[in-house]
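Protein chains: 2
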Amino acid sequence: MLDNHKSSKTKLTELGEFKLIDHLTTNFNITQDSTKLGIGDDAAIIKHTHNTIISTDLLVEGVHFDLAYMPLKHLGYKAVVVNLSDIYAMNAEATQITVSIACSNRFTVEALEELYAGIQKACEIYNVDLVGGDTTTSIKGLQISVTAIGTAEDEKITKRSCAKDNDLLVVSGDLGAAYMGLQVLKRENEVFKVNPQNQPDLTPYSYIIERQLKPEARKDIPLLLEKLEVQPTSMIDISDGLSSEILHICKSSKVGANLFEDKLPLDPSVISTCEEFELDGTTVVLNGGEDYELLFTIKQDDFPKIKANPHLSVIGHITTADEGVHIITRANQKIPLKARGWSAIPEENG
Amino acid sequence: MLDNHKSSKTKLTELGEFKLIDHLTTNFNITQDSTKLGIGDDAAIIKHTHNTIISTDLLVEGVHFDLAYMPLKHLGYKAVVVNLSDIYAMNAEATQITVSIACSNRFTVEALEELYAGIQKACEIYNVDLVGGDTTTSIKGLQISVTAIGTAEDEKITKRSCAKDNDLLVVSGDLGAAYMGLQVLKRENEVFKVNPQNQPDLTPYSYIIERQLKPEARKDIPLLLEKLEVQPTSMIDISDGLSSEILHICKSSKVGANLFEDKLPLDPSVISTCEEFELDGTTVVLNGGEDYELLFTIKQDDFPKIKANPHLSVIGHITTADEGVHIITRANQKIPLKARGWSAIPEENG
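Residue numbers (this note's numbering), protein chains in the order written: chain F, 1172 to 1521; chain W, 1172 to 1521.
Read the hints as simulated data drawn from the structure, not as lab findings. There's no promise every hint is true.
Copies of the same chain are indistinguishable here, so a pair counts whether it falls within one copy or spans any two.
To be verified - Below, a list of computed lysine-lysine pairs in the DSSO-like style, where the Cα atoms sit at most 27 angstroms apart:
1) Lys1218 x Lys1476
2) Lys1182 x Lys1292
3) Lys1190 x Lys1509
4) Lys1335 x Lys1207
5) Lys1327 x Lys1390
6) Lys1218 x Lys1434
7) Lys1190 x Lys1425
8) Lys1364 x Lys1292
9) Lys1398 x Lys1218
Go ahead and model the full structure; you've got the sequences and the hints to work with.
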């Protein structure tokens, strides 16, 4: 999957570092007024009228992605999108990114062209400028570091820390699909290892696989909330599973919460795939991760403004801290919400 | 060297990702007025009155550093400093950083504490705030991604691209020491492998070893130039060797240059160590790298202002592009300047 789609294979050393960066970024355009200087100097220059919002992530092959089922173009796209999601989670507008990659000599120039094609696609769709970065060698595998930059006015910015007792807990879109997409891809990869001739029909899984391989960040939600004249009291993006994100908001805001199992938004294909894999849909939503939806709180008074909006679901409400953080099950049981632990660190090979 | 200086060894998994970040960053203070929100939310919030300057680098174990002779505290310090150097190279002030690390289970909590102690030291000395980052696992080794953020007024910002014919080529400090420090460390590491009991006397090399292990960025130069009322016409930091940096300025500014071998500033200990290693000092300066001094151009009219300043050396002058880029040797020979190539990509193990 790395480079079997093209016949030409150019070694990275044939170009050299500076020519490689020039080559990979030649098709990128600057479209943001706030970008005063992009790639090609010691640093980029940005001029925002309001605040500058900055977030950064490091993605590691074998930990965050597996090239056995993640095409490089999708990976480039996803690496950008997951970082932009953090900017939107501040109720802000994303404007620029920087991208640094380290890769071993297993990668060809053509492979990196694919990766950068995905990065460029994300830049176009989300209207952000690539303004800097670094291309270097690694001893093993591929590492991608993305810094996302955005802007927002003081009164729009939404932190995790300002949820208040009685606020409503709201989520965009639906949850659990990315995790179930990964389960299908892992299963198909095992089948492929046993029988490479097998041509699986993945049509029933197309939505959940797309949510895993090509997630989208909710650029539209800050705009929608502005249009609805709703200023959220707190906000976070759902990268690690709903449970851990609710606990982040509650810890930062020093509040508790009640989450209602029967309010959780699941796509029908997530429900059917959970049945097929004998997994509990609620557990998948709480612990699955990689949905990149936005979780936020609003004042009760704002409820009429968001009611019946197809993009938004009210899934619970904020309580005082001493009431704790619970999920109320369909059977009306009240169970304390726990964060998913940090995934175990793989053993180092040599 | 990783963790043999402490008896306690705590596995990373014992803390978990979020507690680990909290633990490592607990002693960091916010000191910049422009930092409106630091670590602990989806993104940091920065409010600069003027431009925001951004630069990013990815450092990879086995490519950019070797923990056999690089203590983790020094590595943390250096990772920050080399990024700040890019901000100063825009004639700007550094204000914030973000740091992301990926590390394998070979590293203990105590090892990362050492790394972050070095990062904190750099933040204190350079007066920058740590405002974000990411801690994750890697399959193999340690990767560090630093994004440096700064600010500067429009009229102060200095790009690579505005050097003009007849401008003077100026460099801060002295050159070649970091490269020769590395040669000494590599030699001592080979000796150590053969005889671990050997206690080498590194006193004669203390300056050049410090330049390699604990480089400093020239925060003082933008301030000095402001005081001297000199606005440089172009500027770059010397990370890859003088030769490649001069060629960058000439390419970006569409000019040529003459560099004078007898004007190159070398510390006496660099000259003596070059003799010991039978290396040519000029070659070391041109191709060695990691000096993190600033190279810049000024108008001839500004020469009286910088003349005899102990921090600055005039090493040549800018010409028209068609004259090319040359070094004039002590024997008065004119030799075309060539860039050092990209270092060969190591073979991937498995």
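Results of checking the hints against the structure:
| no. | hint | result |
| --- | --- | --- |
| 1 | Lys1218 x Lys1476 | neither (34 angstroms within a copy, 31 angstroms between copies) |
| 2 | Lys1182 x Lys1292 | within (24 angstroms within a copy, 40 angstroms between copies) |
| 3 | Lys1190 x Lys1509 | between (49 angstroms within a copy, 15 angstroms between copies) |
| 4 | Lys1335 x Lys1207 | between (40 angstroms within a copy, 21 angstroms between copies) |
| 5 | Lys1327 x Lys1390 | within (14 angstroms within a copy, 35 angstroms between copies) |
| 6 | Lys1218 x Lys1434 | neither (43 angstroms within a copy, 39 angstroms between copies) |
| 7 | Lys1190 x Lys1425 | between (51 angstroms within a copy, 17 angstroms between copies) |
| 8 | Lys1364 x Lys1292 | neither (31 angstroms within a copy, 50 angstroms between copies) |
| 9 | Lys1398 x Lys1218 | both (26 angstroms within a copy, 25 angstroms between copies) |
Taken one by one, the earlier hints fail for this structure at numbers 1, 6, 8, listed in ascending order.
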